[in-house]
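Visitor: Read top to bottom, the protein sequences are chains B, G, C and S. Each residue of the first sequence is one higher than the one before, starting from 1 at the first, in our numbering. Each residue of the second sequence is one higher than the one before, starting from 1001 at the first, in our numbering. Each residue of the third sequence is one higher than the one before, starting from 2001 at the first, in our numbering. Each residue of the fourth sequence is one higher than the one before, starting from 3001 at the first, in our numbering.
Because the hints were derived from the structure by calculation, they are not lab data. Take these hints with a grain of salt, some might be off.
Said to hold, decoys possible - Chain B stretches covered by chain G per the calculated footprint, using a threshold of three residues with CB under 8 Å from any CB of chain G:
1. 24 to 37
2. 111 to 125
3. 177 to 190
4. 272 to 284
5. 333 to 344
6. 361 to 373
Fair warning: this is a prediction, and the values are worked out from it, not measured in the lab. Just so it is clear, CB atoms sit at the ideal spot from N, CA and C, and this is done for glycine as well.
Number of protein chains: 4
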Amino acid sequence: MSNKITTFEKNESEIRAYCRAVPTVFKSSKNAVMIDENDKEFIDFFAGAGVLNFGHNNPKMKEAIVDFIQRDGVIHSLDMYTDVKREFIDSFVETILKPRGWEDRKLQFTGPTGTNAVEAALKLARKVTGRTEIVAFNRGFHGMTLGALACTANNAFRSSSGVPLTNVIRDTFNDMEALENLRQKMFDLGSGMLPPAAFIVEPVQAEGGVRPATKEWLQGVQKLANDTGALFILDSIQCGSGRCGSYFSFDDLDVDPDIIILAKGLGGVGTPIGMLVNKPEFDKAWGPGQHTGTFRGQGLSFVAGKVGLDYFKDEEFNNETKRKGDIIRKVLDEINSKYSQAIEIRQKGMMLAIEFDSAATVKEITGKCYENGLIIGACSTGEIIKFIPPLTIEDDKLNEGLNRFVASVEAVL
Amino acid sequence: MSNKITTFEKNESEIRAYCRAVPTVFKSSKNAVMIDENDKEFIDFFAGAGVLNFGHNNPKMKEAIVDFIQRDGVIHSLDMYTDVKREFIDSFVETILKPRGWEDRKLQFTGPTGTNAVEAALKLARKVTGRTEIVAFNRGFHGMTLGALACTANNAFRSSSGVPLTNVIRDTFNDMEALENLRQKMFDLGSGMLPPAAFIVEPVQAEGGVRPATKEWLQGVQKLANDTGALFILDSIQCGSGRCGSYFSFDDLDVDPDIIILAKGLGGVGTPIGMLVNKPEFDKAWGPGQHTGTFRGQGLSFVAGKVGLDYFKDEEFNNETKRKGDIIRKVLDEINSKYSQAIEIRQKGMMLAIEFDSAATVKEITGKCYENGLIIGACSTGEIIKFIPPLTIEDDKLNEGLNRFVASVEAVL
Amino acid sequence: MSNKITTFEKNESEIRAYCRAVPTVFKSSKNAVMIDENDKEFIDFFAGAGVLNFGHNNPKMKEAIVDFIQRDGVIHSLDMYTDVKREFIDSFVETILKPRGWEDRKLQFTGPTGTNAVEAALKLARKVTGRTEIVAFNRGFHGMTLGALACTANNAFRSSSGVPLTNVIRDTFNDMEALENLRQKMFDLGSGMLPPAAFIVEPVQAEGGVRPATKEWLQGVQKLANDTGALFILDSIQCGSGRCGSYFSFDDLDVDPDIIILAKGLGGVGTPIGMLVNKPEFDKAWGPGQHTGTFRGQGLSFVAGKVGLDYFKDEEFNNETKRKGDIIRKVLDEINSKYSQAIEIRQKGMMLAIEFDSAATVKEITGKCYENGLIIGACSTGEIIKFIPPLTIEDDKLNEGLNRFVASVEAVL
Amino acid sequence: MSNKITTFEKNESEIRAYCRAVPTVFKSSKNAVMIDENDKEFIDFFAGAGVLNFGHNNPKMKEAIVDFIQRDGVIHSLDMYTDVKREFIDSFVETILKPRGWEDRKLQFTGPTGTNAVEAALKLARKVTGRTEIVAFNRGFHGMTLGALACTANNAFRSSSGVPLTNVIRDTFNDMEALENLRQKMFDLGSGMLPPAAFIVEPVQAEGGVRPATKEWLQGVQKLANDTGALFILDSIQCGSGRCGSYFSFDDLDVDPDIIILAKGLGGVGTPIGMLVNKPEFDKAWGPGQHTGTFRGQGLSFVAGKVGLDYFKDEEFNNETKRKGDIIRKVLDEINSKYSQAIEIRQKGMMLAIEFDSAATVKEITGKCYENGLIIGACSTGEIIKFIPPLTIEDDKLNEGLNRFVASVEAVL
């Protein structure tokens, strides 16, 4: 097999990472299964870092995009109008926004990455308020371009910026005391701290280790944002699009974000997209073209993404997500009670984490998983394993994957 | 027709721009033709802002990606290995790098936008040198995320950042005197200026108004970069991938960039991609995962992009590009000699610009072009019209587009 | 009288401030009394913003500097050696450092202002650690030049900087919970916060409203500094030089600062000085001339300052300071218990504050004090009156001044 | 002798610099002579880094300040009004401003150091314009606090800041081409550079190596400042107060600065001061207390400074300055023609420099000068010797000092 990866070792950058943990060449994939060139079958509990909520090569999406290509649909349109873009917007408004009373919200398509959408949200908040500082939280992940990276917490990522990461006030996630302390500083003219442009929060921290915000804290953040005249931004890039058992992971928290950031699962089948959902009173601060980007008009993403939205026309899909999440939960709880090295299980819908005692333990387990034909990833600073299989995973594949995980844990611990 | 754009006016952000100049809904496109929902046919001299070098819905690319989808190829793979990524890399090495003696270069796939690739290049340069400052040039365009935006010159874009754009030294493009002055400052310990991390240059400024770097100046920049221990970065996002009559627009300038930045046309059919070509001695400064991004493994882009690379196996395609560029040139030269409001023609290969006396004149002309069924865009600060049709445009469409342009100019001037 | 201030109104900058509250021209001063050109006598409870600990025109200092001038002593010496500088250093070592076991400390003379000394301390901390961030606290005041101003809390001062005030982490003074939260962030690799270069604290906040640090909190700050490898800097500019009943205001708190910053009272009779007391293991990070300044060698300040140091050869002077502080305290306590508009009394040694309900109340009271012949100043954001008479004030003048204050309060409330 | 400097070696900071080149302890000084504890007499061609224009212990100044002290004048007054401050202002207006038609200018007293005055000037310019960037020039020296240091050019000083020095655009002194290039950038909306808040220039660079600005260039800078709406700031700290044969070194250049910065010689006898001369239309942007400082009201500096101003009531003193400058010039010209290691002589009034081939040569010469009883200093990056004796130096001392210099040069070369 090694000859098959020579190309990569010879001509791809040293920056490559996931492929070092999964050192094989994949040739096809279907729902929760990936197959390599040796015809080995892997069950995928990583789903392209939370993108493939609807599975690899989702059949409805495949059909839709092949039809679209064959009828010469407009694949690339910048921000010009196309029929499929309209259908995507209409569908998002009808299926997602209207039931929440948000049908006046403005959708802004950015460059097709999460980090680009984050950068646009920060610009808008700064433009609306005329302020510079953003409040961001520990273990938060918001992207790798300079503006977003300043909001990202992990020092391993931050330290590669090469320049100071500025204009961000750092605080502690899910910590009511810290929030109260921040409030005091912000209303104290002798604190040296002025009201910020925005608070940016993940309703469920994904990369940070699957940490759902509590209702009390998230509402507290929203209130402090409102009280200081700052925008309240929810980064739903990984936790949104149905991942947590509801379209938005914050649907049960009774909050009203000024900007919602979406990407990853929104594009359907791995076809990329980045989008903001802006309150109109803030959106109007934009002038034409003030945040551009070549690939904002991705026809394939609109087509596949619309198929994805259809899953949310009723609650059946969400219920299935929760049911499957609980299947995983049960297995993880058992591991947690059995092994002292397992420390905590965290879950919202079908995003789960098991935290171990060390990154070393986790590395051994995920290495064994790979051997056993399971793709699964660590997160945070390495001591946590995250479970984000396709939401559409079949029960037998889910159980088989869990068996492979349990076997791997047993082999290591 | 207006009812058909209600969706956008009601639920899309106020930031939308191109669609205001081209206020119609497109439903299909083929090579250099776009068709709207009223079945009006437009000739496309803008090519998705320089992305669609091989035309809308290039038939070979369509076939390749439909086959790929239908065989359940891996559409989304992060930075894991896939067969189609390997084929893309092999093809790039064989077709592009080897003939230039650069077969040891390292390809780095970034988030699939130009600006993301620029951010990665800046990080690498800062990491390699341990320095912070980047030299960038007037009228340069490098993207809209915070790190790239600091390198972008146009104040209309810069003013939306909301925070200071720092760590960039600004200098003047194609100006030998300015370059000499900069050299003096950099070697004067009493200048307050230290050696920079990198110089970032577009070999042909595209958005800045089609301004090809002279050989003398670009070599001077490279020499100053080398002499100061800075990296020499060529941003070839819009001018590369065959646009200027050779694969790289700088192939005739005898330079040896430390990092080449590619995006736009590299992905083939509007399927997005961002890629760096790094010298190995600098690439090795990267540690695994130091600049990540969800959508770095775009199977569709690898497949369509590889088809695009095949065009460069011999010189025939480049020769055609130059031939067609000269067809455009001839028409623009005639306009230039006929109308006093036309000031200058600039060209490299099939990227051309005609500069008029004012942005107001240009706005009238491009408005008339739209009426006449020609999509064409202004650039820089509005006083320049840029010609970047698909390189694959048929001669009759090219001539018909030029006729429409001439008619529009005549109607206005 | 108004003709006498015409010069100032006509040719002095609009920035003038204290003189607006005390709009008369002073011609002489002696200990705690200032006399204006109308021969009106004022009792001075402000002491030149805490400089004149030993009184206006202290007779011993007068004699010493007149002798020095008449023998052609070196008034201005940059950082060259002079006899009087040596005597000042010897005296500081003998009288102040040795009794504390700090005779190895290194004295660094900076430009003769507090803010310049603060800038030097920040540079040294950043040089020693190779880090950039400084932790500073709410209501802290450290000066008005850009580096020091970034550490100063009051937004009224900060907002005049005209540029971002960066590289400072803001936290809450005397708040153990906030300190614990900061500790967590600093040891969490996922917090986005790295260890700082230094913590800068006033042991007693003066301008911030006379707030003595608690022992528990200040030791906590020192421990966090030590644990993170940061320097622990005590800004003793206003609270030092005997003001609080001991040479250093932190003598009773059992701390061991890496850098002590002194200015104000250190120079004796209003003759300016700025000085750092550095631990030798950090001081050695300096190279020659890395923080220069023209007026670092102030002969008059060394001469008068040495006389000031002599006051601390035994405890008598400190005991007097405490005794007089308690006299003031008693009067303020009575006011506090009598008037609902009085909120709190704070004290350390002979620095006291009475906090009222509003800045408006305070403005009326201090205005009435001026009429009654008492010079006294507000601080913080205006709602606090600070008592810092010369430490050498005679009892009768002290009582007379307090009577004037009480009369002013009674007239207003 | 070494025992006499033990104190400094043991308890003074490692940062000390001048004293390493002049390792003796001075006990008295008179006009241009300094005497050490061994009764060795030195002639002083350095004058306290350009402070002592009127000599050490100028007899008129001594008399004035002794009288002032003995009558209990107000030595320290913050920004309160005093009789001696009024006399200083009146004298400055009458003697300096009126003859230039500038009697409406506003004098702003800052903390008593040049760097503090520079910081205040930068704040005012930023406040007036609402802009952030300052244009500063190579080899410029403006001080060591963070805001001023960002304007200072010498990398040896800059590198000790420990944080990025931002918000300054660097350009080349006395270079018309560079200025023209800067103008182009500032009026090009596609340059990435916006109009600055101010240009700060020394009319004669002192620390940078005695480089007088040409009339053409300085007027060009003023015009560019005016055209861009920026303030034109002249830093006259070292070159002003009569040093160059006229009160301001730019009196012959027909410019009209918006802010003049003064310090050093303005205070008379080494008594410190910092002062701005602001145009009233800009000064009014200040609000009360927006740049404060404890030692702004230095009675001794007002008294001695006023005596200094009296020297400029007629042209006799300036004529003497020029005459003595030419005596030095003649000797330096001879050295320059005699030794190949001498490269260039530069002069304005009584500030002169001789540039040698290397810093090593200069170090040898100044070392020999010390042995021969001459105090003289290197500047810039070490290869230049600067001549700035007291303007009041007697002819015999001047000639004797020059003889010692010539002997030192001869001994080395």
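Visitor: Please flag the earlier hints that this structure goes against, numbers listed from lowest up.
Guide: 3, 5, 6
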